[in-house]
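Student: Starting from the known structure of chain A, fit chain B onto it as the hints suggest.
Chains A and B, in that order, are what the protein sequence lines are. What the first sequence shows, in my numbering, is residues 5 to 114, in sequence order. What the second sequence shows, in my numbering, is residues 4 to 117, in sequence order.
Hints are computed from structural coordinates only; laboratory data are not their basis. It should be emphasised that the depicted structure is a prediction, and the values quoted were computed from it without experimental measurement. Even glycine gets a Cβ: it sits at the ideal position worked out from N, Cα and C. One or more hints might be untrue.
Unchecked claim - Cβ pair distances, simulated, as ranges:
| # | chain 1 | residue 1 | chain 2 | residue 2 | range |
| --- | --- | --- | --- | --- | --- |
| 1 | B | S21 | A | T62 | 25 to 35 Å |
| 2 | B | D41 | A | D31 | 43 to 53 Å |
| 3 | A | S100 | B | G66 | 18 to 28 Å |
| 4 | B | T18 | A | G20 | 42 to 52 Å |
| 5 | A | G20 | B | T117 | 16 to 26 Å |
As the list claims (entries may be wrong) - Derived lysine-lysine pairs resembling DSS-like cross-links, with alpha carbons at most 30 Å apart:
| # | chain 1 | residue 1 | chain 2 | residue 2 |
| --- | --- | --- | --- | --- |
| 6 | A | K46 | B | K17 |
| 7 | B | K74 | A | K101 |
| 8 | A | K106 | A | K46 |
| 9 | B | K12 | A | K72 |
| 10 | A | K72 | B | K60 |
| 11 | B | K17 | B | K60 |
| 12 | B | K12 | B | K60 |
| 13 | B | K60 | A | K46 |
| 14 | B | K60 | A | K101 |
| 15 | B | K60 | A | K106 |
| 16 | B | K74 | A | K46 |
| 17 | A | K106 | B | K12 |
| 18 | A | K5 | A | K106 |
| 19 | A | K5 | B | K17 |
| 20 | A | K72 | A | K5 |
| 21 | B | K74 | B | K60 |
| 22 | A | K101 | B | K12 |
| 23 | A | K46 | A | K101 |
| 24 | B | K12 | B | K74 |
| 25 | A | K101 | A | K5 |
| 26 | A | K5 | A | K46 |
| 27 | B | K74 | A | K72 |
Unchecked claim - Coverage of chain B stretches by chain A, computed from C-beta distances (three or more under 8 Å per stretch; other residues unrestricted):
| # | segment |
| --- | --- |
| 28 | 45-52 |
| 29 | 104-115 |
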Amino acid sequence: KQEVTQIPAALSVPEGENLVLNCSFTDSAIYNLQWFRQDPGKGLTSLLLIQSSQREQTSGRLNASLDKSSGRSTLYIAASQPGDSATYLCAVSANSKLTFGKGITLSVRP
Amino acid sequence: NAGVTQTPKFQVLKTGQSMTLQCAQDMNHNSMYWYRQDPGMGLRLIYYSASEGTTDKGEVPNGYNVSRLNKREFSLRLESAAPSQTSVYFCASNLLQGARSPLHFGNGTRLTVT
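Isolated chain A, as found in the complex (with noise of 0.2 Å):
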């Protein structure tokens, strides 16, 4: 069974650093990953999927890897701001099934 996991569960950081967030599944056998945004109260907003072929995909400040023989992404984020304050979910794709991590929640201090 898959599993995916997210560490820490929470993170603070002053405005303006760059952050990596993290997240490790068990079986390498994925056709895409995808990262996730939600915000208090609000669904999940996609904002990167890459497929098991690619390596990385990048969309404004935010560039997130995959490295399927080691079983990890992360997700880049460039120059923090406080609007990028949210919790932060991959999931994997495999199967036809998407599995989820339980996300990481961002806090970025002004």
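Tutor: Chain B only, in chain A's frame:
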């Protein structure tokens, strides 16, 4: 663009009552999903519909039923609500089944069963 719309936003039920959660998407997506999100448990799939006319069980289907009314609409029914069904329910959709394309989520229904 509306995206994925869920109604109601909040609901309080007594044990044993029934209700239907509504979901509609305007993105012409083929696949639709119902998840529940609980503290410490993360997101768990209840039911999904890979395409119009089909539905399948997810990880936690007990106590729920679904209907894919048409391509746009996918409803979730609780026939006899239990306190264990207190949760936040999210509907999601995507173009290609099996999460092969990005998932789009609604803003959720916060359900409390007393």
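Student: All the hints need checking, so say for each whether the structure fits it.
Tutor: Comparing the hints with the structure gives:
In this structure the hint that B:S21 and A:T62 lie 25 to 35 Å apart at CB is violated, the actual value being about 47 Å. Take B:D41 and A:D31: their Cβ atoms lie about 23 Å apart, and the range 43 to 53 Å is violated. Look at A:S100 against B:G66: about 23 Å separates their beta carbons, and that is inside 18 to 28 Å. Range check, B:T18 to A:G20: Cβ separation about 50 Å, and the 42 to 52 Å hint holds.
Here the CB-CB span from A:G20 to B:T117 is close to 46 Å, at odds with the stated 16 to 26 Å. Between A:K46 and B:K17 the alpha-carbon distance is near 25 Å, which keeps this suggested pair within the 30 Å criterion. Using a Cα cut-off of 30 Å, the hinted pair B:K74 and A:K101 holds, with the two alpha carbons roughly 21 Å apart. Of the pairs offered as hints, the one joining A:K106 and A:K46 holds, with about 16 Å between alpha carbons and a cut-off of 30 Å not exceeded.
Only pairs whose Cα atoms come within 30 Å are accepted, and B:K12 paired with A:K72 is rejected, the gap being roughly 38 Å. Our distance criterion of 30 Å between C-alpha atoms is met by A:K72 and B:K60, whose separation comes to about 28 Å. Restraint check: the Cα-Cα separation between B:K17 and B:K60 comes to about 25 Å, which is no more than 30 Å; the hinted pair holds. The straight-line distance between the Cα atoms of B:K12 and B:K60 is roughly 24 Å, inside the 30 Å bound, and the hint therefore holds.
At roughly 25 Å between alpha-carbon atoms, B:K60 and A:K46 fall within 30 Å of each other, so this suggested pair holds. Straight-line distance between C-alpha atoms of B:K60 and A:K101 comes to about 11 Å, which keeps the hinted pair within the 30 Å bound. Straight-line distance between C-alpha atoms of B:K60 and A:K106 comes to about 22 Å, which keeps the hinted pair within the 30 Å bound. Between B:K74 and A:K46 the alpha-carbon distance is near 24 Å, which keeps this suggested pair within the 30 Å criterion.
A distance of roughly 23 Å separates the Cα atoms of A:K106 and B:K12; the hinted pair therefore holds under the 30 Å criterion. Pair hint A:K5 plus A:K106 holds up; C-alpha atoms about 16 Å apart against a cutoff of 30 Å. Pair hint A:K5 plus B:K17 does not hold up; C-alpha atoms about 35 Å apart against a cutoff of 30 Å. Taken as a hint, the A:K72 and A:K5 pair is honoured in the structure, with Cα atoms around 16 Å apart against an allowance of 30 Å.
With a CA separation close to 18 Å, the supplied pair B:K74 and B:K60 stays within the 30 Å bound. Under the criterion of a C-alpha separation no larger than 30 Å, the hint pairing A:K101 with B:K12 is consistent with the structure, at around 27 Å. Distance restraint check for A:K46 and A:K101: the Cα-Cα separation of roughly 23 Å lies within the 30 Å cut-off, and the hinted pair is therefore satisfied. For the hint pairing B:K12 with B:K74, the CA-to-CA distance comes to about 22 Å; that is within 30 Å, so the pair holds.
With a C-alpha separation of about 11 Å, the suggested pairing of A:K101 with A:K5 holds against the 30 Å cut-off. Between A:K5 and A:K46 the alpha-carbon distance is near 29 Å, which keeps this suggested pair within the 30 Å criterion. With a C-alpha separation of about 34 Å, the suggested pair B:K74 and A:K72 falls outside the 30 Å cut-off, and the hint is violated. Beta-carbon proximity to chain A at under 8 Å applies to 3 residues in the segment 45-52 of chain B; the threshold of 3 is reached and the given coverage holds.
Check on the segment 104-115 of chain B: 8 of its residues sit with their Cβ under 8 Å from a Cβ of chain A, so the three-residue criterion for coverage holds.
This entry does not satisfy hints 1, 2, 5, 9, 19, 27, going by the numbered hints stated previously.
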